[in-house]
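Colleague: As a plain string of letters, each chain reads:
There are 2 protein chains.
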Amino acid sequence: MAAAAERLEGRAVRTPLLESPALSARLGGRLLVKAEPLQRTGSFKFRGAFNALAQLDPAQRRAGVVAYSSGNHAQGVAAAAQLLDVPATIVMPADAPAIKVANTKGYGAEVVLYDRFGEDREAIGRRIAAERGAVLVPPFDDPRVIAGQGTTGIEIARQAEALGLRIDAVVIPCSGGGLAAGCALALATLAPEAALYSAEPAGLDDTRRSLEAGMRVANDPAARSICDALLAAMPGELTFAVGRRLIAGGLAVSDAEVLRAVAVAFAELKLVVEPSGAAALAAVLAGKLDAAGKTVAVIASGGNVDPEVFVSALGGD
Amino acid sequence: MAAAAERLEGRAVRTPLLESPALSARLGGRLLVKAEPLQRTGSFKFRGAFNALAQLDPAQRRAGVVAYSSGNHAQGVAAAAQLLDVPATIVMPADAPAIKVANTKGYGAEVVLYDRFGEDREAIGRRIAAERGAVLVPPFDDPRVIAGQGTTGIEIARQAEALGLRIDAVVIPCSGGGLAAGCALALATLAPEAALYSAEPAGLDDTRRSLEAGMRVANDPAARSICDALLAAMPGELTFAVGRRLIAGGLAVSDAEVLRAVAVAFAELKLVVEPSGAAALAAVLAGKLDAAGKTVAVIASGGNVDPEVFVSALGGD
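Taken in sequence, the protein lines are chains A and B.
Position 82, counted from 1, in the first sequence is what the numbering used here calls 174; the numbers after and before it change by one each time, with no gaps.
Position 40, counted from 1, in the second sequence is what the numbering used here calls 132; the numbers after and before it change by one each time, with no gaps.
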């Protein structure tokens, strides 16, 4: 993972670890917020994408890359591909937030839309990759992607240390588990005393239930959430193998709790956080984890939210 | 000013210098955004307030401080007073944004409201100070306040240097001129090649007109703007004495240009910026300063905006 951090040096933003004294006081502890909306492309996904693409050989770079994504991995891969001069094709759901589709095209990628409820994005991605001889960049279940996302955890540990703080807990928004697994690996050595928790939408809390069951279990395909980036059907094989050893437990939050957290991030942190990106903050604000007397770090994982959704969050409960 | 930076070490946030590659590409240059909404209290004003209060002697600290402010200086003084255990009374306009009044009270200050169109806040502030033996902390025309605000400029110079960039221009939201004067003093030695510009609401562009006239001129008292923090009647004596030597010129922006900049900061920077705080960004986005081929730093000076105003900005033109 040190190699990933080196590859990202000067390419990814070393995002700040924010604190609102008012929020900390309200919780009776110290709340640190890793501000990945300020990352290149507006989410942590650039880290894993760049780390993966930077390791392609020249022939692979010429052939290009394919990725499927609800939006943030799409932007991460597209931006990394643009920086490295690699052609990119991204398979995105037709109902992805408009900002995510527009930005992905803005980074020069070709976007192929599909029906999230009727088509299999992995099959479409594999078919395009086969046709073009392109490399598929998985959204989470890939060692290079996991290592890239883990640089977020390295930074959290170093930034907390610089503040003279010992972290008691870290809460991480979780879909397929790439960010959680990467951070878990980083923090296992850099902050071994910290307890790690995944944060997911209620009803799509496959990681929480998988951790409890000790095996990977899937979500009900009928489950829905405003958290468009946290809809993976079940944990990845690799990410769960890491998570079951290193993650203490899972927290689940309602859409209403998530929207309230978006509004709190607006008012108290001056940070634009998308619903999915606010899941960990929501879990702490809603008291799913007792922060009293503790130092708790949450990752705000992204900020790519359409204005209408943001406005609805500010409109209150 | 080095002493101010030392006093603020560990108290003020060293806010990031953000860049959106998409925005830079659109402008054909490099646009760097100093993110003071992420500062303690949500604006740069904490810097000057803390630097002033930290220099009070023990008797003055016991007697307390008084300040008059449209809101951001209010919060800065209140938060600095709370940290230093100094009683604070803040005179605020009755029509200040609700978030600014609520936060000022939240930092433990006593708030006295006045009618901005009928009463003289300076007279009210002086009367309260006289009655209580308290020290008046001026919002801008004070060497300690100017030095504190100037630490923003020190950081911009150092952060640009770390990026390997030479700054061609710096644009600074301007009301009484404390931030502009402080940054001008800092940058005169740290980035002497940079041209400095004030950014003000059109019709309330007293600094621009004063720079052109070579003497302080006042605004029309009937002028109005959505920029509630940029309504000072004319430049300060001290701030203008600095500004006339070190500021290249003034830029003026309409309310519509400011609201558009708030929306751009939301979409491209994931940063919550209040209208006043977006004046410098608005000036560059609206082409009042040609950024093509240049490295331009703008200060986003604050993020204390009521949700309704922010929502109206996101609603588009």
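Derived from the structure by calculation, the hints contain no laboratory data.
Every value quoted in this text rests on a predicted model; they were computed, and no experiment measured them.
Among the hints, a few may not be true.
Unchecked claim - Each pair of labels, with its calculated beta carbon distance range:
1) A:G256 to B:E400: 37 to 45 Å
2) A:A310 to B:R316: 56 to 64 Å
3) B:R250 to A:P150: 37 to 45 Å
Said to hold, decoys possible - Residues on chain A that point at chain B, a partial pick, calculated with CB under 8 Å:
4) P108
5) L110
6) P113
7) L130
8) R132
9) G134
10) A186
11) A190
12) I191
13) A261
14) A359
15) K362
16) V364
17) G385
18) F402
Backbone N, C-alpha and C define an ideal beta-carbon position, used for all residues, glycine too.
Colleague: All hints, please: hold or fail.
Modeller: Now the hints, each set against the structure:
1. Roughly 39 Å separates the CB atoms of G256 of chain A and E400 of chain B, a value that falls within the hinted 37 to 45 Å.
2. Look at A310 of chain A against R316 of chain B: about 58 Å separates their beta carbons, and that is inside 56 to 64 Å.
3. Under the hint 37 to 45 Å, the C-beta atoms of R250 of chain B and P150 of chain A, about 38 Å apart, fit the expected range.
4. Given hint, P108 of chain A at the interface with chain B, holds; its Cβ is 5 Å from that chain's nearest Cβ, closer than 8 Å.
5. For L110 of chain A, the interface hint holds, since its Cβ comes within 8 Å of a Cβ in chain B; the closest pair sits about 6 Å apart.
6. A cut of 8 Å between beta carbons decides the hint on P113 of chain A: the least distance to chain B is about 7 Å, and the hint holds.
7. Taken as an interface hint, L130 of chain A checks out: its beta carbon lies about 6 Å from the nearest beta carbon of chain B, inside 8 Å.
8. The interface hint given for R132 of chain A holds, since its Cβ lies 7 Å from the closest Cβ of chain B, which is under the 8 Å cut-off.
9. Satisfaction of the interface hint for G134 of chain A is found here, the shortest Cβ-Cβ separation to chain B being roughly 6 Å, below the 8 Å cut-off.
10. At about 21 Å, the closest approach between the beta carbon of A186 of chain A and any beta carbon in chain B exceeds 8 Å, and the interface hint on this residue is violated.
11. Below 8 Å, beta-carbon pairs count as interface contacts, and A190 of chain A has none with chain B, the closest being about 11 Å; its hint is therefore violated.
12. Evaluation of the I191 of chain A hint against chain B yields a held restraint, the C-beta minimum of about 7 Å falling below 8 Å.
13. With a least beta-carbon distance of about 23 Å to chain B, the hint placing A261 of chain A at the interface is violated under the 8 Å criterion.
14. The criterion of a C-beta within 8 Å of any C-beta in chain B is met by A359 of chain A, whose closest approach is roughly 7 Å, and the hint holds.
15. A least Cβ separation of about 4 Å between K362 of chain A and chain B falls short of the 8 Å threshold, and the interface hint therefore holds.
16. This hint holds: V364 of chain A has a C-beta 4 Å from the nearest C-beta of chain B, less than the 8 Å allowed.
17. Violation of the interface hint for G385 of chain A is found here, the shortest Cβ-Cβ separation to chain B being roughly 21 Å, above the 8 Å cut-off.
18. For F402 of chain A, the interface hint holds, since its Cβ comes within 8 Å of a Cβ in chain B; the closest pair sits about 7 Å apart.
Consistency with the previously given hints fails for numbers 10, 11, 13, 17, ordered from lowest to highest.
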